[in-house]
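Novice: Join these two chains into a complex; the hints should help.
Protein sequences, first through last, are from chains Y and H.
Here the first sequence stands for residues 1 to 337, numbered as in full-length UniProt numbering.
Here the second sequence stands for residues 1 to 345, numbered as in full-length UniProt numbering.
Note that these hints are calculated values from the structure, not bench results.
Beta carbons: idealized from backbone N, C-alpha and C, even for Gly.
Some hints could be false.
Here chain Y is said to cover these stretches of chain H; the calculated rule only asks that three of the stretch's residues, wherever they fall, bring their Cβ under 8 Å from a Cβ of chain Y [said to hold, decoys possible]:
#, segment
1, 99 to 107
2, 190 to 199
3, 275 to 285
4, 318 to 330
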Amino acid sequence: MRSVPPNEQAANAPTAPQPLMAVRDVYKTYTLKKGQTLKAVDGVSFTIMPGEVLGLVGESGCGKSTLGRCLLRLSDVSAGQIVFEEQNITHLPERTLRALRPRMQMVFQDSYASLNPRRRIGDLLAEPLRVHRTPEGTRRNSATIAHRLTELMELVSLPHTALERYPHEFSGGQRQRINIARALVLAPRLIVADEPVSALDVSVQAQIVNLFADLQKHLGLTYVFIAHDLAVVRQISTRVAVMYLGVIVELGETDTVLHNAAHPYTIALTQAVPRPVVGAARPAPLRGEIPSPVNKPSGCRFHTRCPAVQPRCQNEAPALRQIAPGHEVACHYPVLK
Amino acid sequence: MLANTPAPPLLEVRDLCVSFTSRGQVIPIVENISFSIGDREILGLVGESGSGKSITAMALMGLIDAPGVHVTGSARFRGRDLLALPDRQLRALRGREVAMIFQDPMTAFTPVYTIGWQIDEQLRVHQRLSRRQARARTVELLGEMGVPDPANTANRYPHQLSGGLRQRAMIAMALSCNPSLLIADEPTTALDVTVQAQILELMRNLRTTYGSSVLLITHDMGVVAETCDSTLVLYSGRVAETGTTRDLFAHPQHPYTAALLASIPPMSGPRPDRLPAIPGGPPQPMERPVGCAFAPRCAHTHATCLPAPPPRFCTVGPGHTVACVLPAEGAPLPPRSGSSTSPVL
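This is chain H alone, in the form it adopts within the complex (with noise of 0.2 Å):
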């Protein structure tokens, strides 16, 4: 799978920073992150709401042009760095090799063209089809969606499709242009389950199909699990922890992502009486506290972890970081317990 890639990794970010300036005040929003995606790879990018997960996003899309934003680091795709690239092959970029597609599909059609024009559009833009050959494609794709009756499908308008139709029908549009990386924010959580798991085997079959790598963006760590390879957690804009989904789920080393995964309510074993659940709630950007942010939720915290700078980040196994001060110490969590986890295969 991975194995014969030493080369550099499709993607690789380096130090990503976004920052807002409001009222004279810089409010660091995202700090420091980094991470790679490897060929045919599906990363998880997993976060609450606030983390900075879909700002991530859209900075390597370069699609935050707001006054006052400042986006610095580096994202090597291909050579090239999406960060520093001039607009005018950004636009060339985007939609042809990087692809996104975000959770409501009814906002990022337009209304007043059918579905079929849309992706036609894109075909026509990128690859320089005619109408007609844009169109077969476009026929072609959403039947390789699941998309019932393709070729009349294409004639509505996004309003005349369910939210699970719509969701292929974007997917179909970000794929058009065979783009060596999808991002997907948030994909199925408009979602009805039985839809989102129908969704989320796609997902998972575009590696096989269109050779794709994914960097699928999400709070369920459901949904984490039964899709990524390796997952990153984001917590109030920072990493907390990263490694394969694997390791990340057998033996969780910082305790955001082991709280996390203990305050899901199992679907089966014995129900417990109380769930444990973690204080409080995320800090706000402007009150991040200089230490590690997550701290004041904590149940390990000790002197070490409060002053600044936050703690760096820890080797715990292979591909395996975490940005805790206890394996550091020779304190590391105990494996993840529970009857619902799986034995380790």
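Just chain Y, same shape as in the assembly (with noise of 0.2 Å):
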């Protein structure tokens, strides 16, 4: 198990250990043609405590990077409850919110998509510098912002001649690296990374999942690592949710989820993840497809793949609870070792 660092910026927080972000039964729902609605993310709570890496899993369709996004407010909850740092940001006004951005970003997959082709790359990181002014209320001069810029290439180890050239110069593990230079240019305590590692060749892949290690212990940074990948979730996170067509079925400490796993969708998850070693055990894969998030079954939702299914899995939902002290499922019957 890994120690939780210490976080710099936390130190002057109050001494009981408050959690750096609060979701409380969030939904976000989007309606269609025809008067159908789709709900993304359909009632979600959980809690992220400073320096923890919360990885996000699930298949596509599950709402996960719904959700990446509601956290920093790029998309608007449709109800529930978002905390930052103990502030209510559920419903603050955009300028309000601006004041707040400095402290959470964001890390996008596409890494070419995400950065702007005809700014140099020391142009795009020093924008922010220039736009917020520092927590003083001072606006940051040519040397303080080179200053940083300098920092910033040191820290996610490119050459500093980087912040001259243009992002198509680079390979994509490269400005995979720029992006995370730019979600910390202001100094974050919270980044959300939304698949950041899987558009990326794999001798590139351990790179970067490397430089998000090492970033977190060094900057006490905490994230959420949202990835179709268990194994490297497995690798960055201290804690993993599971979702599944817009809920949380299973939550808990990495180890817990993924090797002691009482929910039947997270056992086959684990089991369907094909591993480079030869000869390994293959269960019987799990059948069907994942249903369309505009007509999910009743109950619970996963009762249609569930090889497991009881009758009173098709007509009632089960709730998250706690099955063990940090261990959260979402099932009627459980697998408990």
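Specialist: Written out as structure tokens, the structure reads:
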């Protein structure tokens, strides 16, 4: 198990450990044609403690990216509450929110699309420093900005000359380093990373996973790490939340969720990961496909694919409940060891 | 299984080279790739993006027709050289004896016809079936691929199906004429893991149900380990290592193969503090080193690795060859260690 690194910025916070972010019963509903609604996030609650890495996993359409965007108010939630640093940010107006932006940042999957191709890296990275004032309320002068840019290049292991170049001059891995540097410019406390390594080559992926881990330790950062690759999530996360069709079905410490899973979906998901080992046991794959999020199954959403389905599961949706300290599962018949 | 086949392999590729000409400069994309696939064998072609794995498949299928592209070498399929075949004959062969499936089934199907219509067409052209016979066979095929309610699904358009169902429909189309070789280019990369597991199971069963051989192109070492009989590792357009999957995973002899396997985060056992990452990135084809292409990133590089030509193949076991100087110099890599390696049974 990993120790939670001390967070320098949290030093003057109250002594009792307060969650950095608390998510309470959040919904995100999209209205489609013909009066249909798509509940991308369908009642999700959890907290993130400072210095923790929460892995958010699930298959496509489970709502993990939508939830990630809602956390930072890149999308507005339809219902529920998001509290960041003990401040309810759910309905903060854009102007007020802007003052909080330096403390919460995002890294996206597509490293190229998220950088303006017509601007030099130095220019891209300097912009937040010019726009935002220091915590003391003063503007940064060019010397301060130049100093910070040098610092950032060192943090993400890029040469100083990178500042003079354009995004297309870099490889995918280098561009993702630039994206990470940009997220770090204003020294945030929380970073939401949405599939940050899934577009990278295998041999480069490990470098970026290591970089995320190093920065987290050195800067005392808190991550929400969204990914579909369970092995990557296992490597970096302290806790894992598994999502299926808009809800969290299991939440707990990484080792608990991935090795002592109680939800049949989590078990199937971990077993489906192809392992680079010849002759590994290969349990029968889960049948069927993920139902449409527009037309979700009644009762437990997983009952159409669950190998251990019971009559009750078809009518009654299980709530997320604690089955052991820090281990929550939404299943009527959790698998207990 | 393969014991009673002293006959030539189903497909034998020798010294396949693909190069592009750009601004008067010849850029080698794929250099001297050789491999063979036996009956009912699944061969995995692994490599990172830009390693030349898709180009290899396209060249075999005669699908590269851009001006300025040179394809040399030979690919003998049942006695005929695919690379030298006139277009007409190649067209008769494609779809019937060699079929291909792609990563993105959405772009491989035309959006304006139903799935069933597209599979019917193939059967009508190659097997001269009537519309009615073709449709009956299509429905049968879709059912065999695990498509629920195949008769109705056949009447749906590609956009109405999920990614997994589209991939099943594409495999059904590829298998419609019972090809002896199926080339599958990243068939599960766009799919979710639980669906990927289903499709991989389907591919493994093709050997017994259809007697097909498969050339499986992927970047995922996990997919290879679970699916392929033998494996060929490509790095920067050149073969790094080839052997049976069992040997290659238990005892990788090329530092690239070994480093690639080591850099994958383990799903069991203790979590390493840091992943053993490979520094840098693969070279661009124009900047490919004259000696070993992996030398700039390799932990074992020494003077003999650097000058041209690239290291020759060294046989390190039955069917296991590696393009590295280490085994020849008497310093082979140790067997793969770590808790994630299963004991060799």
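Novice: Taking the hints in turn, state whether each one holds.
Specialist: Taking the hints in turn, this is what the structure says about them:
| no. | hint | in the structure |
| --- | --- | --- |
| 1 | 99 to 107 | violated (count 0) |
| 2 | 190 to 199 | holds (count 7) |
| 3 | 275 to 285 | holds (count 7) |
| 4 | 318 to 330 | violated (count 0) |
Comparing the model with each earlier hint shows violations of hints 1, 4; every other hint is respected.
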